[in-house]
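Student: Since the structure of chain A is already known, use the hints to place chain B on it.
Chains as they are written, first to last, in our numbering: chain A, 1 to 49; chain B, 1001 to 1610.
Please keep in mind that the hints were generated in silico from the structure rather than gathered at the bench.
Model, not experiment: these values are computed from the prediction.
Heads up, a few of these hints could be off.
A few chain B residues that face chain A, going by a derived Cβ cut-off under 10 Å, partial list only [claimed, not checked]:
1. Lys-1068
2. Phe-1070
3. Phe-1073
4. Glu-1078
5. Leu-1081
6. Val-1083
7. Ser-1107
8. Leu-1109
9. Asp-1111
The beta-carbon is built from N, C-alpha and C at its ideal position, and this holds for glycine as well.
This is what each chain is made of:
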Amino acid sequence: MSFLREITEFLLARKKYWLIPIVVMMVVMGGLVVLTKGSAVAPFIYTLF
Amino acid sequence: MRILGISAYYHDSAAALVVDGVPFAAAQEERFTRVKHDAGFPAQAIGYCLAQTGLKLSQLDAVVFYEKPFVKFERLLETYLSVAPRGFRQFLTAMPLWLREKLFQKSLLGDELKALDAEFDPAKLLFSEHHLSHAASAFYPSPFERALVLTLDGVGEWPTSSVALGNGAALDIVKELHFPHSLGLLYSAFTHYAGFKVNSGEYKLMGLAPYGRPAHTQTILDHLVDLKPDGSFRLDQRYFDYMGGFTMTNARFEALFGEPARAGEAQLTPFHMDIAASIQAVTEEVVLRMTRSLAAETGERNLCLAGGVALNCVANGKILRDGRFDKVWVQPASGDAGGALGAALAAHHREFGKPRTVATGLDGMAGAYLGPAFAPDEIAGRLRAVGAVFEEHDEAGMLAQTVEGLVAGKAVGWFQGRMEFGPRALGGRSILGDPRSPSMQKTLNLRVKFRESFRPFAPAVLAEDVGDWFEHEDVSPYMLMVAEVRRERRRTMTAAEEALFGIDKLNVARSEIPAVTHVDYSARLQTVHAETNPRFHGLLSGFKAATGCPVLVNTSFNVRGEPIVCTPEDAFRCFMGSDIEMLVVGTCVLRKERQDPALALDYTSRFELD
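With the rest of the complex left out, here is chain A:
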């Protein structure tokens, strides 16, 4: 729960209100995607993410 409080405070401080629904949806949906595996694309692109 501290994470949700922190990210909300962060988005409010940055005045990025329009990101709030996106982040909420992603965190909710996150449970579905955490089981998939990330792939290694590092050699072909700068580590942007």
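Tutor: Same frame as chain A, now just chain B:
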């Protein structure tokens, strides 16, 4: 006050410990795990830093992470939205990673730190900003009371470049250039296009540039980079793929230059050399416009540099010779590893408001010798344990034996004192050779380091003699300045030699020290100072007494794709797996012919090519 800085989770994880505002210990995690550019949590590097002080993690005043994960996440989301629906595949790849761990970095870091010390208080965990960390690493250890600080890299949170003003303990960022407009990413795009690995092949592109002609400079400036008089710029994203795809450049980029991106390890042609020369020229133009306009705008006389682009020593040398600044100081760990040090320094002075004592002498980095060292007894014990055969000498005897080996043309592994922090070997973990030998560059590249034959080597020169051999009067202790070999040391070329192009130029000796003279007569200088590395200074003095030449070839102690060696065992393995003929660890001297042949290693296939 004792503050630990950490960089991790992208590339080049590292830890750095700052005690009362002074860098005390710092190391990259890759040196311990033996995985190049290791991005994992730097548990071993932290362990090393703590062991140096004898403190537990919970006894530190703060632990500082080098950037802000939430702001980075914000940048990612906004980028995906701006390019949608393009970029959906990258989105699908990145988001699970973020939702699984990166978004929860605060608790992840807290858990990792608690695993090291259960009494660690997570409230002591702070977060710096990526470019503030770079700027702090460049300004606080510099020998300047006040300075302009310029940071240039790929990208952190949003900024890709920043300008800060440092004065005493104050350091304030005054300007930023934001993603996707990035000099580092532009250089990386061309690194990818020339067939080298992004994030490690940028040095190769810089080394390849002098073989070519800047034939595509105008094309780059006309189509890719909208460069303004003050050095700010915008990149035309129609030519790049990194905002939403999986490569740096796209088909339109390839069509612009008329050739597809080079596949890794494919033949290098004059086209690739021209591409390298062109992007190097553009990079220099961008940074010179920036530094000229900032010098005029602020009136500052000192410049500090950091960020990955500050490792472009050719551009650094041009900034210095441009004369807009009296002094230029570059953080030796300018990549993201150095962000760990900067994060800790920024917290010390900005968060905790501690005053700054400006470093005396060269700077506050102790020659970048901030890594592990081994006592003489420990070295002998460790070497015996791995079956090494060696002679133990006193200091003078060891230096005399080493000079003898170098004069005989041997490639010498040189393992002394504390390991360097940053990507360059500076006489702590180095392979040395005689620069007067015309065959040394090829021998070291192909038989010792197993790397591409076009790559140049750097000279280490006695600081007091630098002006006699190079067009350079200032110090350059970190190999971050390029200067030309003095005219009277050059060899006059024949008309046939002048007409050679590309890598054919390599085989022509063009100075008294051909092994460290690049095809354009440039050299990536390291000035060696008695105050920071007396033993290496003593070796160069001995070599000068024997030959009249105060210069040695100095390259990192590793093979291609391997992290620089950290321990005597690493050094012995590299020695037995390559054509290094002599190894000097502390005052122990090892000769290849006396080692047990059964201990020889097949080293060439051990590391993934970089």
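Student: Would you mind marking each hint as holding or not holding in the structure?
Tutor: We went through each hint and held it up to the structure:
1. Lys-1068: With a minimum Cβ separation of about 9 Å from chain A (threshold 10 Å), the hint on B/Lys-1068 holds.
2. Phe-1070: holds, 5 Å
3. Phe-1073: holds, 8 Å
4. Glu-1078: holds, 8 Å
5. Leu-1081: Holds - the Cβ of B/Leu-1081 comes within 10 Å of chain A, reaching about 8 Å at its closest.
6. Val-1083: violated, 12 Å
7. Ser-1107: holds, 7 Å
8. Leu-1109: Nearest chain A Cβ about 13 Å off; hint violated.
9. Asp-1111: Status violated, d = 13 Å.
This entry does not satisfy hints 6, 8, 9, going by the numbered hints stated previously.
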